[in-house]
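Letter by letter, the chains look like this.
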Amino acid sequence: MNAQTGAAARELSYAEAIREAMDIALATDERVVLMGEDIGVYGGAFQVTGNLVEKYGTDRVIDTPISELGGAGVAVGAAMTGLRPIFEFQFSDFATLAMEQIVNQAAKVRYMLGGAVSVPVVMRFPAGSGTGAAAQHSQSLEAWFGHVPGLKVVQPATPEDAKGLLLAALDDPDPVMIFEHKILYKMKGMVPEGHYTTPIGKAAVRREGTDLTIVSTSIMMHKALDAAQTLAEEGIDPEVIDLRTVRPMDRDTVLASVRKTGRLICVYEGVKTLGIGAEVSAMVAESDAFDFLDAPIIRLGGAESPIPYNPELEKAVVPQVPDILEAARSLAKGMI
Amino acid sequence: MPTEVIMPKVDMDMASGKITTWHVGEGEAVEKGDPLFDIETDKAAMEVESPGSGILHHRAAEGRDIPIGMPVAWLYDKGESVSTPPESGAHPEDPARTDAIPEPVAGDVFLHKDEPPVAPGADDKVRATPRARRLARDHGIALGDMTGSGPRGRIQAANVEAFADGRAPLGEPSVAAAPASFHPQAGDLKVSRRGSGSGVPAVLIHGFASDSHSWAAFEPHLGNRPLIRIDLPGHGKSPRRAPASFTALASELRQAFDQLGLERAHLLGHSLGGALALAIADTRPRKIASLTLLSPAGLGPEINGEAIAGICRANRAESLGPWLKRLVGDPDLITDRYIRTAMKGRADPDLRAAQTAMSDVLFPDGTQAFDLTPALGRLAMPSRIIWGKSDTIIPWRHALRAKGQTALHLYQGLGHTPQFEAPEELGKLIGDSL
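Those sequence lines, one after another, are chains A and B. Residues in the first sequence are numbered consecutively from 1, following this note's numbering. Residues in the second sequence are numbered consecutively from 1001, following this note's numbering.
Please note that the accuracy of each hint is not assured.
[What the hints assert, rightly or not] Derived contacts from chain A toward chain B, CB cut-off under 7 Å, selection only:
| # | residue |
| --- | --- |
| 1 | Gly262 |
| 2 | Phe290 |
| 3 | Asp291 |
| 4 | Gly334 |
Don't read these hints as lab results, they were simulated from the structure. Ideal Cβ placement from N, Cα and C applies to all residues, glycine included.
Put together the whole structure using the sequences plus the hints.
Right, dumping it as structure tokens:
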């Protein structure tokens, strides 16, 4: 049973949970259409849309030409004129081709037209490293979008949130960018049946603890929980927060945790510099929670490097469980 | 900028003090270290030396209770303009105020209107985490009073919490309770004096790896007499050096005793100080009114070398604490605060080095290398040995070597430091009979 909805839950993969969300949306709201490259008969680059084209036809599940700029432009225009499009990128890296539509149009139109029009488009970005797809197919660019007023940016870490955040995004009148981690697509978890939403802008405390706070996003939440288990055996009791939404960031949850523990690690896959961790750290430093810090803040983020093709190097450039362990131990033991 | 002179904390549970006499008049010049005023607390009267040189202004009135830490006067540089004279009002004659501890109200204790009562930014250069700073603010604690356990000595929240928890008066060695004035200067060993009663003075010699503060709890029970404390070389405020032998050490102490110029004195020594007191008594018998040896060294070969080495080696509270707890019968007497303050007193690496070198000479391989048992047999003055039967540093059975007229007092449950562990009981035993 789901605590919020009372609905029964069963195990689904992250990809299946997203497909179920789209299925529910297509079935219950005729304004909803799916767009993207090879999402029809092929089922999507990561098989997320699967066989939805058979159920809803090519008018609702639309293969777009190989042009991210063109496809995204159609989606934004459709959203402005009454539809609720969900646009899928094959890889989040290709969003660079569509930035004009996302940053200059979707994010700005409501503001520039005095609120007369909004752009309720949802965009899905398969992101992150770990698939051996190298520098142009492995990036974590969520912080780029987090920098743009007018956009909302979410990073579901569990199947339940992947479905709930997608359905919440469809309810939102403004553009919502969903960064789905490719490694998580096959991850299984309990997912409530039927329609429910996971609130945008609300982080989740995945593990309560007293000794230090680990703010994590997406796949890093799982690594943080892994590390937390080891740390607990060593007598260190970390609190693990799943940020879930990059923009707008859940200030209250993070600050409350830091006030409690006095120690903060922020772990995220995107490049460390000018990334999510910088924002979380600054948020704490600028708030009253600063007065509760009992040690310097640690950021663990991606290296200053394109994602390498070599699998060992690919692992080395993003934070791994041992990195979190080392940081947490040095914090908890007062070594920094 | 004038320097403030504050009411010092000279006693463990002192909340306020009363200035009985000013030695320096308003507008007069004073040198650093000169006697400045006498104070009286519940338990003691003592002289306080000037913390600096300058022209004294805005003296607090005599006879008033003043909370510790509050300014009692200001020292101005020569030629510095004395602005905003304080409102010295009607306090001295205000009897309603003398028996209660007054709240520190601005104007009540000579605050300059243009100057904050405490130097601003006093804690600015202290390394401390934001959380530690917040806690210190909440508790009204100055960070400067604390030792930090974080990297590069950074004060952590836990340090502030422990400090706040440990503010109970019990067993506080009170480094802050700096000894008052230093009248006689014997050789170059530090001598401090407390009390000005009319009785025969008592000379106190502390033990190894200790200092004159170790007498603090016991002093109020020693009757109405001047108390003179000598810091051993390499200890307390004495020069950091290690004598070449016990004989050399004893001769240094004898010289210090001679230079006090006392006609007669009661002599008290603890542990190594007991052996030294015995050595002085053996060579200056006519000047010693009585001899009191507390867990004395020099009466047998056994001594806890591990504890000595552990204390010498410890360079932080965590490693010092367990050894300090071995000194006493009831380890609960050794509070975290006590340990931290003791460590603060041992923070100087030169002091620790001197003591380590000294321990090699005096206690090689965990053995007492000197024997004063024969001296014990020669004593003619009233003498006593006091020992705790739970002493794990020197076996109390050494006391059984005492011959002749030496009285023996054994205490069940006390460890190596009876004067610290049960000052009142010991006071009842010997305070009046000195």
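message: Does Gly262/A hold up as a contact with chain B if the rule is Cβ-Cβ below 7 Å?
response: holds, 5 Å
message: So, as I understand it, the hint says Asp291/A touches chain B; can you test that by seeing if any CB pair is closer than 7 Å?
response: Hint on Asp291/A: holds, closest Cβ of chain B at ~4 Å, below 7 Å.
message: Tell me if the interface restraint on Phe290/A is satisfied: Cβ within less than 7 Å of some Cβ in chain B.
response: holds, 5 Å
field: Interface hint for Gly334/A, Cβ within 7 Å of any Cβ on chain B
entry: Holds - the Cβ of Gly334/A comes within 7 Å of chain B, reaching about 5 Å at its closest.
Of the hints listed earlier, there is not a single one the structure fails to meet.
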